[in-house]
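Undergrad: Going by this note's numbering, 22 is the number at position 22 of the sequence shown; the sequence numbering is gapless.
Any given hint might turn out to be false.
[As the list claims (entries may be wrong)] Here are the simulated BS3-like pairs of lysine-lysine, each with C-alpha atoms no more than 25 Å apart in a straight line:
| id | residue 1 | residue 2 |
| --- | --- | --- |
| 1 | Lys347 | Lys337 |
| 2 | Lys310 | Lys347 |
| 3 | Lys337 | Lys310 |
| 4 | Lys322 | Lys310 |
| 5 | Lys143 | Lys29 |
| 6 | Lys19 | Lys33 |
| 7 | Lys259 | Lys196 |
| 8 | Lys143 | Lys101 |
| 9 | Lys143 | Lys46 |
| 10 | Lys212 | Lys46 |
| 11 | Lys259 | Lys330 |
| 12 | Lys46 | Lys196 |
| 13 | Lys212 | Lys259 |
| 14 | Lys33 | Lys46 |
| 15 | Lys208 | Lys143 |
| 16 | Lys310 | Lys346 |
| 17 | Lys259 | Lys208 |
| 18 | Lys46 | Lys346 |
| 19 | Lys29 | Lys101 |
| 20 | Lys322 | Lys346 |
| 21 | Lys101 | Lys19 |
| 22 | Lys212 | Lys196 |
If you are wondering where the hints come from, they were derived from the structure by calculation, not from laboratory data.
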Amino acid sequence: MDGIPTNIMFHILSRCPVKSLLCFRCVSKLWCKYIDDIYLAIIHDKRGIEEPTPIMFHLNPLPGRRPRSLCFHTIDHQSSATNTLVMMKPKEVPDFEFLCKKPRSKSSITNIEFLGSCNGLIYVSESDGDLVTTLSVIHPIKKQCYELPHLPFRFSCFMSRESCGLCFDSSTNTLKMVCVLLNGHPPSENPEEVRKNLYTMVHVFGTKSWQKIPQVPSYPIQGEAIFANGCLHWLVSYHDSPKSPSKDKRHVVWFDVKKEEFGSIDPPETTSNRPNRKYGNWSCDHLVNLNGQVGYFCNRTTEVWVLNHKNEWVLHCHIDDKHFSYGYIKVFGCLNKDGDVLIRFKKINEKTSCSSFTTSKMAFYMNHTSLVEKMDIKQTLLCFPIACFHSMTS
């Protein structure tokens with residue numbers, strides 16, 4: 001097997017299921033090198049031979065106790081005989097547990113936050129309650145972790161006007177982390193003044209430093225980054241979003257990884273004639289990975305849009321809001337190739353306008369039937385988010 005050309009080996013391995021590839025890593029050092037190569041992840045993902053695999057993660061122990069860790073579980077999901085209940089059962093033993101660093105002193109704290117995912121890799125931040133102290137990238141299935149070098153610039157853990165994103169540069173066959181940071185607190189009423197205070201930092205995996213590049217976006221960014229078609233995508237910070245015909249939506253900022261250029265895309269125009277949902281605040285709009293494409297969820301209209309290869313917004317689905325009259329909706333991604341999406345609804349108390357994770361409910365929107373089905377998650381933890389990955393090979 002050692003005499004087989006590299007391109008042929010990649011061609012063969014790209015047709016194998018993920019679980020088989022993980023087993024093949026122990027065959028030899030050469031096979032392990034092939035399977036760990038990021039190029040295999042890309043061509044395997046393009047073939048799309050498997051359904052997306054959801055992974056659940058949760059903080060352990062529960063909030064209020066230290067030290068903490070982030071536990072990852074792969075999830076088996078199936079529909080009931082009547083297709084009215086989707087069962088999701090996480091493995092009892094975590095596939096991987098990421099341990100948070102110990103606080104420097106008894107009076108200090110260390111928080112951990114999920115930031116996003118790219119091709120099955122998860123990136124998280126650790127903070128002291130004010131500033132991000134560490135950025136790490138995790139492969140929960142391979143049980144591997146990569147800690148990035150310390151950032152030379154201030155990175156607020158609240159990330160209300162700054163963010164970061166993990167991406168793959170196909171021109172150099174390398175992973176990169178891109179951070180857009182804001183120096184100070186310039187007023188949002190002056191876009192030019194804000195832009196002067198933006199910094200773009202890039203870390204190439206395998207190196208020991210960050211590089212500052214001259215390009216910056218036109219506006220501060222916010223929220224989870226989505227990597228698709230060679231570009232990272234973020235929403236403009238709702239503090240700084242420019243006025244447009246779509247006043248209830250936020251512009252999308254993109255970053256071309258190969259060219260290292262920024263640009264922006266207008267938000268999708270609504271097709272709904274229904275009145276906006278109560279408590280459907282536009283600040284809760286978010287981007288989502290929809291089977292490898294950029295999705296935009298509008299919390300006011302409950303529409304999910306997808307950005308096609310022509311950079312045009314196409315309506316993916318319109319979730320019936322009768323199931324979610326009061327509260328916030330989070331779309332996590334697609335559970336299958338049919339485009340059915342996994343969502344979480346956080347109910348709002350109409351009298352107090354307050355919400356709680358204990359009132360959160362999971363649901364499964366069936367795109368081909370426009371039905372919203374409840375979900376039964378076999379897990380006793382009080383609070384957990386769920387991420388869906390289009391590929392687990394990285």
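Undergrad: With a cut-off of 25 Å on the C-alpha distance, tell me whether lysine 212 and lysine 259 pass.
TA: holds, 15 Å
Undergrad: CA of lysine 259 to CA of lysine 208, is that 25 Å or under?
TA: holds, 22 Å
Undergrad: Taking only the CA atoms, is the gap from lysine 208 to lysine 143 under or equal to 25 Å?
TA: This hinted pair holds, its Cα atoms lying about 22 Å apart.
Undergrad: Holds or violated: lysine 322 with lysine 310, Cα cutoff 25 Å?
TA: violated, 33 Å
Undergrad: When you check the alpha-carbon spacing of lysine 143 and lysine 29, does it fall within 25 Å?
TA: holds, 17 Å
Undergrad: Take the C-alpha atoms of lysine 259 and lysine 196, compute the straight-line distance between them, and say whether it is at most 25 Å.
TA: holds, 21 Å
Undergrad: For a C-alpha distance cap of 25 Å, please report whether lysine 259 and lysine 330 respect it.
TA: Distance of about 32 Å is beyond 25 Å: violated.
Undergrad: Verify the proposed pairing of lysine 143 with lysine 46, using a straight-line Cα cut of 25 Å.
TA: Holds: lysine 143 and lysine 46 sit about 24 Å apart, inside 25 Å.
Undergrad: Is lysine 347 close enough to lysine 337, meaning Cα to Cα at most 25 Å?
TA: Outside the cut-off at roughly 29 Å; violated.
Undergrad: Quickly compare the C-alpha distance for lysine 19 and lysine 33 to 25 Å and report which way the hint goes.
TA: Holds - the C-alpha atoms of lysine 33 and lysine 19 are around 16 Å apart, at most 25 Å.
Undergrad: Between lysine 310 and lysine 346, does the CA-CA distance stay at or below 25 Å?
TA: violated, 34 Å
Undergrad: Holds or violated: lysine 310 and lysine 347, Cα atoms, limit 25 Å.
TA: violated, 37 Å
In this structure, the earlier hints numbered 1, 2, 4, 10, 11, 12, 16, 18, 19 and 21 are contradicted, and the remaining ones agree with it.
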